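Enquirer: The primary structure of each chain is shown beneath.
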Amino acid sequence: MEYFLTEEQQTIKGLARKIAEERVLPVRAELDEREEFPRAIVKDLADADMFRVFIPEQYEGLGGGCLELCLVVEELSRICGGVATTYAVNALGCYTLIEYGSEEQKQKYLPDIAAGKKLAAFAITEATAGSDVSGIKTTAEKVEGGYLLNGSKQFITNAPEADIYAVIVLTDKTKGPRGASTIIVEKGTPGFSFGKKEKKMGIRASSTGELVFRNCLVPEENLIGRAGAGFIQAMRLFDRSRPGIAAQAVGIAQGALEAAVDYAQQRVQFGQPIITLPVVQDMLAEMAIQVEAARALTYAAARTVDSGARNLTEAAAGAKVFASDVAVKVTADAVQVCGGTGYMRDFPVEKMMRDAKVTQIYEGTNQILRNAIAMELRKRKGRTV
Amino acid sequence: MRQDDFKGIWVFAEQRNGRVKDVACELLARGRELADALGTDLSAVCFGHRVAGADRLIAHGADRVYMVDSQELADNREDLYAGQLAELIRQHRPEIVLAGATPFGRAFIPRVAAALGTGLTADCTALDIDAEKRLLVQTKPGYGGNVMAVIVCPEARPQMATVRPRVFRKSVPEAARKGEVIGVDFDRRRITSRTKLLTFVEEIAETVRIEEADIIVAGGRGLVKEESFQMVKDLASALGAAVGATRAAVDEGWAPYSCQIGQTGKTVCPKLYIAIGVSGAVQHLVGMQTSDVIVAINDDPHAPIFEVADYGIVGDLFKVVPLLTEKLKK
Amino acid sequence: MNIIVCLKQVPATTQVRIDPQTNNLIREGIESIINPYDTYALEEGVRLRERFGGKVTAVSMGPPQAESALREAISLGADEAVLLCDRAFAGSDTLATAYTLARAMNKLGDYDLIICGRQTLDGDTGQVGPELSQMLDVPCVAYVSQIEDVADGALRARRMVEDGYEVIESPLPAVITVVKEISTPRLPSLRGIARSKSAAIPVWGAGDLALEPEKTGLAGSPTRVINVYSPQRTCQGEILEGDPAEQVECLIGRLKDAGLI
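Chains as they are written, first to last, in the working numbering: chain Z, 95 to 479; chain B, 20 to 349; chain V, 289 to 549.
Heads up, a few of these hints could be off.
Claimed, not checked - One side of the interface only, derived from the structure: several residues of chain B facing chain V at Cβ under 10 Å:
1) PHE127
2) VAL131
3) ILE234
4) GLU326
5) LEU347
Said to hold, decoys possible - For each label pair, taking beta carbons as the anchor points, the in silico distance ranges come out as:
6) ARG38/B with ASP545/V: 28 to 38 Å
7) THR472/V with ASP23/B: 48 to 58 Å
8) PRO313/Z with THR472/V: 33 to 43 Å
9) PRO120/Z with GLY58/B: 52 to 62 Å
As the list claims (entries may be wrong) - Straight-line alpha carbon distances no greater than 27 Å define the calculated DSS-like cross-link-like pairs of lysine-lysine that follow:
10) LYS544/V with LYS348/B
11) LYS544/V with LYS338/B
12) LYS211/Z with LYS343/V
13) LYS468/V with LYS215/B
14) LYS468/V with LYS285/B
15) LYS137/Z with LYS343/V
16) LYS485/V with LYS107/Z
17) LYS244/B with LYS112/Z
18) LYS252/B with LYS544/V
19) LYS544/V with LYS290/B
20) LYS485/V with LYS112/Z
21) LYS544/V with LYS349/B
22) LYS503/V with LYS26/B
23) LYS544/V with LYS189/B
Please keep in mind that the hints were generated in silico from the structure rather than gathered at the bench. Just so it is clear, the structure is predicted and the values come from calculations on it, not from any experiment. Glycine is no exception: its CB is placed at the ideal position from the N, C-alpha and C atoms.
Could you put together the complete structure from these sequences and hints?
Expert: Below, the structure is given as structure tokens:
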């Protein structure tokens, strides 16, 4: 379908595809097999200015918006979901800074992230707080010299590779949801260490780990925005980043669709390529329709974010839910089309199926997001403009 | 200066560590035929220090050997060799100058051509004479070997060409052949070098030297994985053969560059060339198609390698090769 | 360091065919790319600039569409680019090409290093680099696989020979030709692409280069191509039939009969 991308957007998309095909494709199976962080690819992305895409121009970025980010994430995901996650989480890690940070904070951290010199991460999840973010227990006690952090964060993408962590902490335990804040903690700060690196079902190239804070003193100037604004900041952050996850799901599904079509065209059974069989055509057609619908919804959500609209929750959540469900179904169907071969690890589709699953889970489980959409629906009584 | 003033065919004989390279003898063999076709004589030109080989050059067909012996010329130095050769050519005016298209030859011969303002064709695969026009007809591959170009240098003299090692065959040396050896003094005041050779680091191939091997077993992309390349080595070992590789295999890291055969690797012509999992892309073929007997093992019946193979096995190389190796060991 | 990189635009594939009627190469439908060896040359030039400071200028002699190759060079890190284009240059062999490039180098002025790829995909000669150095009267180091250092107006580099490599020291300015082992070419960057779109690439013709006309184009080319053809391969081989065991048995028999094993 025609998505009316500008010349600049096409350039970004084209370069992302080139990087994915030339640098990621040859190593994706090995990265997955070894659960190895894609260090060389991060450098390639940095050298190509890809980390500048989502940073404003005054901080050495290229000032791209949500759609530009989605285009890159989609192209990377088409080849490897793990690499795409590693890239996309940098945006997640610095959006709060971009929206709410002071000029000094932005000047201090953003140029290095733009140059790909430092990676970012975002940490909210804890053992007791997944969907229910209010369950966080990591505290940041105001002391002389700054905040003293105690607690731990679970399932944090880009840990321990990232240098800059935007962490949601309780600065005031008495205030409930209004007691959380976002604070930047740099790797190497005394009292900040990493726990285990997780072994995952999919996106294995992406590094997922535990953050441990034990009397970790963080300077006062590292607090982003107002103390107590943490959850509101996080909610707005997710509204902006969810289309990125939707784009990841679209990319993974696209890669699976291509693999299934290629396979069906060359696999001969009963004297002809299986793509000539109506049962297979039916599956492939359904997959193609779903992928395109997911793409259209994702781009629409991204454009909505970029339009500056105030209420983004439904658009962002809706795209993420739809696209991730599509990715899970399409990748499973792709394995089915490829039959026995599709089940083998030497063939790329089973990885895509394993990679797709997480998109239904992280950055808000699809169940929580449906709840959120339902709440919005009630507010607007289901009416549109 | 008229064209007719240029007479004779020269072969530049490259040496290494005091020993004349085989390519010089290969060129003399063809040079002899070309000289006879033109009714002219054939000379060899050699630079170095204490080079043993003048007799060998004469035995291989040279009527005359110009030998420039000097300490400075012991190592192959482009500036010095180019300067000295250009000087000799200006003095003696050969109509044709041939040299081996070795890495050194390809680097210094163009400098001679540019200094003399004459035409040069590199990497020729065939040389012929148009006796009527007294022209050297040069054939060389382009586009990686997909196209052959036929080139002449109608007016400028000398007509220069380089030819890869193993394209021509050496003739049987005639020990009784007579010829003159002319020593030439190296004018070290006029011919100088600006570059310095600091060190040479040898990178030794593991097995038999590929250029000299009678049998070569080469592996290509069809082997799929690095571990499978071991089958190539095992078969080579069973045959006492050298190991070769296509560019694809070298790019994958399965074999060192010294094993690479083809357009940007080595040219070989062993008695027996066994190509395993090699598709036969033209860039590879130019490096081995003059082998005496070519055997190809590949699962794709349409692979271009079968067009040059004398014996072809269309089958699963993972079954065929181990079986072959096993049988040969007995 | 003032670095000049010479590059040539070539067809994207070597799978070219000859039109049997005109005896010319069929060029339609074939994309153009920067000669792969020249991308290594450009990458090395950009790396040297990153290491030692200075400027990289990409130069190409070719038809008007070669401008796209120069724009690509800018997206890959070249600071500036110049296209040498004139009908008078058509039909140039390597000598005439080297002469024209040499005139351009003189016009560009003070350079420290000229980098060329070892050969082109289409011509495969590898002659222009050394011929250029002769005309400019500067040293040439061919088949460079690594530049170890640049210091005190001299270059120390490794260059490949058949059985290993030599370490050569050369004063600057010099010409080097490079092999693919020297570097992995980078991908274009977004800022590079933006720059390449807005860059002004001057076109220099015969008049701009103070050329002696008899040394350029067809007139300046001592060699002439008198024929081109696609090599025919005759298929005279024997395909051995049977299961692997039979095929192997048969092969060994044939090779023994031929006295090869």
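Enquirer: Now tell me if each hint is right for this structure.
Expert: Tested hints:
Annotation: PHE127/B was flagged as interfacial toward chain V, and the flag holds, the nearest CB pair being 7 Å apart, inside 10 Å. Against a cut-off of 10 Å between C-beta atoms, the interface hint on VAL131/B holds, since the closest Cβ of chain V lies about 8 Å away. For the restraint placing ILE234/B at the interface with chain V, the shortest Cβ-Cβ distance is roughly 7 Å, inside the 10 Å limit, so the hint holds. A hinted interface residue such as GLU326/B counts as satisfied when its beta carbon comes closer than 10 Å to some beta carbon of chain V; here the least separation is about 4 Å, so the hint holds.
Taking 10 Å as the C-beta contact cut-off toward chain V, the hint placing LEU347/B at the interface holds, the least distance being around 7 Å. A beta carbon spacing of about 37 Å between ARG38/B and ASP545/V agrees with the range 28 to 38 Å that was offered as a hint. Between THR472/V and ASP23/B, the C-beta spacing of about 53 Å keeps the proposed range 48 to 58 Å intact. The given range of 33 to 43 Å is respected by PRO313/Z and THR472/V, whose C-beta atoms sit roughly 41 Å from each other.
Evaluation of the 52 to 62 Å hint for PRO120/Z and GLY58/B yields a pass: the beta carbon distance comes to about 59 Å. A distance of roughly 14 Å separates the Cα atoms of LYS544/V and LYS348/B; the hinted pair therefore holds under the 27 Å criterion. Only pairs whose Cα atoms come within 27 Å are accepted, and LYS544/V paired with LYS338/B is accepted, the gap being roughly 21 Å. For the given pair, LYS211/Z sits about 24 Å from LYS343/V by alpha-carbon distance, which is consistent with the 27 Å threshold.
A threshold of 27 Å between alpha carbons decides the hint, and for LYS468/V with LYS215/B the separation of about 23 Å falls inside it, so the pair holds. Distance hint between LYS468/V and LYS285/B is fulfilled; the C-alpha atoms sit about 15 Å from each other, no more than 27 Å. Distance hint between LYS137/Z and LYS343/V is fulfilled; the C-alpha atoms sit about 23 Å from each other, no more than 27 Å. Distance hint between LYS485/V and LYS107/Z is fulfilled; the C-alpha atoms sit about 17 Å from each other, no more than 27 Å.
At roughly 25 Å between alpha-carbon atoms, LYS244/B and LYS112/Z fall within 27 Å of each other, so this suggested pair holds. At most 27 Å may separate the alpha-carbon atoms for a hinted pair to count; LYS252/B and LYS544/V meet this at roughly 21 Å. The straight-line distance between the Cα atoms of LYS544/V and LYS290/B is roughly 13 Å, inside the 27 Å bound, and the hint therefore holds. Restraint check for LYS485/V and LYS112/Z: satisfied, since their Cα atoms lie roughly 18 Å apart, inside the 27 Å limit.
Only pairs whose Cα atoms come within 27 Å are accepted, and LYS544/V paired with LYS349/B is accepted, the gap being roughly 14 Å. Pair hint LYS503/V plus LYS26/B holds up; C-alpha atoms about 25 Å apart against a cutoff of 27 Å. About 25 Å separates the Cα atoms of LYS544/V and LYS189/B, which keeps this hinted pair within 27 Å; it holds.
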